[in-house]
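Visitor: Chain C: place on chain F using the hints.
The listed protein sequences derive, respectively, from chains F and C. Heads up: the first sequence begins at 1 in our numbering, then just goes up one per residue. Heads up: the second sequence begins at 1 in our numbering, then just goes up one per residue.
Just so you know, these hints were derived from the structure itself, not from any lab. Any given hint could turn out to be false.
[What the hints assert, rightly or not] A few chain F residues facing chain C, derived, Cβ under 7 angstroms:
#1 Asp-219
#2 Tyr-266
#3 Ile-268
#4 Pro-269
#5 Glu-270
#6 Leu-273
#7 Lys-304
#8 Leu-308
#9 Tyr-310
[Unchecked claim] Below, in silico cross-link-like pairs of lysine-lysine (DSS-like), each with a Cα-Cα straight-line distance of 27 angstroms or less:
#10 C:Lys-567 x F:Lys-307
#11 F:Lys-295 x C:Lys-576
#12 C:Lys-231 x C:Lys-444
#13 C:Lys-585 x F:Lys-263
#14 C:Lys-585 x F:Lys-295
[Unchecked claim] Quick look at which bits of chain C chain F covers, simulated, 3 or more residues with Cβ under 8 angstroms:
#15 576-585
#16 597-607
The beta-carbon is built from N, C-alpha and C at its ideal position, and this holds for glycine as well.
In case you want the letters, here they are:
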Amino acid sequence: MEKYIFMIERLFDYYGKYLHGKEMGVKLALLAFLSRGHILIEDSPGLGKTTLAIAIAKSMGVDFGRIQCTNDLLPTDVTGLNIFNKEKGEFEFKHGPVFNNILLVDEINRATPKTQSALLEAMGEKQVTVEGKTYKLNQPFFVIATQNSAESYGTFPLPESQLDRFLMKINLGYPSKEEEFVILKGGSSRGRIYESEPAISKEDALELIHFVREGIKIDDSILEYLIEVVNKTRNHSKIATGLSTRAALSLVNVAKASAIINKRDYVIPEDVLDYYTYTMPHRIIFKGMFSGSEKIEILEDIIKSVKLPY
Amino acid sequence: MVKVSDFVNYLISFLVILALFSVIRYVNVLYSAILIAVLIIFLFNEKLKFFKLNRKVLTFFAFLFSGITLINTNVNTFLLSLCHIIIVFICIKLLEEKGYRDYMQLIILTIFLTTASGLFSLSMIYLVYIVVSVFVANIAAIFITFVNFKSDIELEGSSFKQLLFKGLAIVLLAVPLAAIIFIVLPRTDYPLFNSIGYSNISKSGFSSEIGLGDVNSIQEDNSIAFRVVMKKVNRPLYFRGVVFDVFEENRWKSSVSKKVNRQKRLQGERVEYQLYLEPHFENFLITLDYPLKVDVGTRGVFFTDKLEVKDRNLINKKIKYTGVSYFADKFKDEIDNKFYSDTANVSQKVLKFAESFKRESNIETANAIINYLKSKMSYSLQDLPTGSNSLEDFLFEVKKGNCEFFASSMAVLLRANHIPARLVGGFKGGYYNENGGYYAVANKNAHVWVEAYIDGYWVRFDPTPAAIEQFTDKNILPWSLKFRLYFDYISYYWTKFVINYDFQKQVSLFKNVSSSFKNMNVSISKKILANMVLIIIGIGLSLYFILYRRKKQQADYYLDKFYKILKKNGVDIDPKLSLLQNTRKIENDDLRKKANLFVNEFYRMKYRLNNMSWKNLNEVLNKLNNK
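Chain F extracted, bound-state conformation (with noise of 0.2 angstroms):
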């Protein structure tokens, strides 16, 4: 236990030194990362998406990966493709960018469906079928996807029902003035971030993944509580989807890594709770149109009404 807690540490000792103003974002990043879920950023262009997902992949000492989605992104430009070699005489495959440990999607809205299809079977099934031809990822696998929401102009915004796929639906927003302060003096980070020490290797990050799924003990009473939460989405008046088994799964999950992150190996209920507001809002399809806010109030009434499992 001892040896995660000082990689957590070490982590976040690497985050500090390199990110300003992105906290929760790194956090919930990393959460995601542990978790084995992917990640959808939404936001505006310039505000560090590709740094944090750089800052991510370079502290394990893991490959990294860019795909930036435009509309004319074929499924191939993804996943890879068979490519003939003349002085072997025989096709080969030729591995896309999806075949890194992290790899980040700009705009992933900008992407045609078949695009966006291919990448989204390559995060849920952790593999891609290339003519009849089976690849395994690498391990780990973690996508960071950024979406536009200022421009709609030309987008194929995700289907609701394929968000689901994503564990967390994030905004970072602009950093404060202090934050903001501190990065327009020191220039932008990136280039440090690329010439730094990992700050866990590629194994440690393995060994960390798995043991937030083996390792940490979640009490029967919050999955209970969780289950009653998740019953509630289901049966709400303004509910039309409730939450799939998947999302409960990956809700168990998230607040395995959250234990972590916050140096436990047992879950508690403020593991759930905190997390909430990024982890469901996206996979419920509500009856009518609801403002975001309007959303995570629905919400936060449907968690206040189950009782706390103490």
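Guide: Then chain C, alone, in the frame of chain F:
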């Protein structure tokens, strides 16, 4: 300011004295003396600390002593030996150096001793002893925890009082539950310790043999022999016990009684009653003259040919029975004339004297004898003639005596005139308790009278002068006796509702309960069974829920405490938010840190260890409180 350790010592001493008093009538005087001496040493030693005893030596001594005592024990003295062992253990515990455990052991030992007294006697005073000692023990236990926490702790008057009242309240809370348990707990018809340990048999006015002139202190004994629930009647009451039919060497004995199945034919005023009989360690039941039926439930009782009612076993506990009797002065019977006229053991002098009473008919002869005795002899309890010639001495010299002399003189004189006669031993009179609706009959009401067989009837003659009847008149009772009667009234209900509360009562209670469900078409026994099962299930379920809730409440209890402390410090608490969500709102850094300490500890116990050790939680809470 009250020093708690002193207070605890006084409470313990009180408990010890109470326990000793409850059994002091039964245990060896030596043990009582030793215990009192040790108690005094204990009180001084706690103050001055002038010696310390080696625990191992004391323990060894305790085991040695228990062994020796148990070797010398038989079934009859078993209970007594146990009491002795407990007393010695108490002595040893008092002398030892005392920790929390030792204090608790002392309390338990005293409770044991007090409880044991209940096995010796079932009198009401036992209730007083046990209730008082439970209350005191509970309070002592509470204060002992303080001593354990900090040995020289002192409490302020107000908090001391508060603790005292809380301790009392805790016991009071247990009372309803105890009442329920008393009503529904399964019970046997026989007490567990039926005869074990009765080393001091209580005397009664009732004996199976009459020796003329034997020292008889019974006539002064005010203790209750039995109580009869019946309507008040305006005539002397004769309670029949034993019939003495053999006279030899100035003693009356009872010949072996034959069991009969056919009842005597009785005439007169019919009366029904319930009788609560104190143990008298004979096998006769007391009946109102003349008994037709007696119902004692499961005990095996039978009628004899002399119109006695006998039990197969000695009556060694309080029993209750119902009877049907007839008020009359005679009853028809067929007898062996020769047997009842036997004068073999009567001296010539008396036989000759008897001739002077000879009249034309038997009834006139009997009247002559009774008139002579009543007019020429006087009633007295002092200076009674004794020895082998006591009957002659009474008739010719002393001319005063108690009922035994009068009755046996008359019987002998009747027999000398060839009139079959016998003595009947029992009780006469009794105080009627208007409130309770019963006659209380004391041992001093023990009486002997004569039955003469005249013209096919046994006719009752009571030759004893009227002196005995004066204490049936309530108005001239001394104050002390009046007080006694009131006490008896309470004691009567104690017997009726507590001692005699047995399985049958239980059944009839449930029967009454079930009769309110008349529309249920089940037979009575099934109904009772169903109700009992329901009630037992109900109690079981509620017990389960009480325990379950208590377990849960423990967590809630600490949370409540936590929230209260936060509220006291001006933090708004929203119970719908989680603990950490609430503590995050705290602006004071120090308070928030301490609150988080509690939350972390609470969560660790709940979600990590799955086991709440409340000691740590209390510690954090105290820290938070003493901020």
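Visitor: Hints first: check each against the structure and report whether it holds.
Guide: The hints, checked one at a time:
1. Asp-219: F:Asp-219 check passes; min Cβ-Cβ to chain C is 5 angstroms, inside 7 angstroms.
2. Tyr-266: 4 angstroms, holds
3. Ile-268: F:Ile-268 check passes; min Cβ-Cβ to chain C is 4 angstroms, inside 7 angstroms.
4. Pro-269: Because about 5 angstroms separates F:Pro-269 from the closest Cβ in chain C, which is inside the 7 angstroms limit, the hint holds.
5. Glu-270: 4 angstroms, holds
6. Leu-273: 5 angstroms, holds
7. Lys-304: 5 angstroms, holds
8. Leu-308: 6 angstroms, holds
9. Tyr-310: 6 angstroms, holds
10. C:Lys-567 x F:Lys-307: 21 angstroms, holds
11. F:Lys-295 x C:Lys-576: 19 angstroms, holds
12. C:Lys-231 x C:Lys-444: The given pair, whose Cα atoms are some 22 angstroms apart, holds under the 27 angstroms limit.
13. C:Lys-585 x F:Lys-263: 22 angstroms, holds
14. C:Lys-585 x F:Lys-295: 24 angstroms, holds
15. 576-585: holds (count 6)
16. 597-607: That given contact holds, which follows from 5 residues of the stretch 597-607 of chain C lying within Cβ reach (below 8 angstroms) of chain F.
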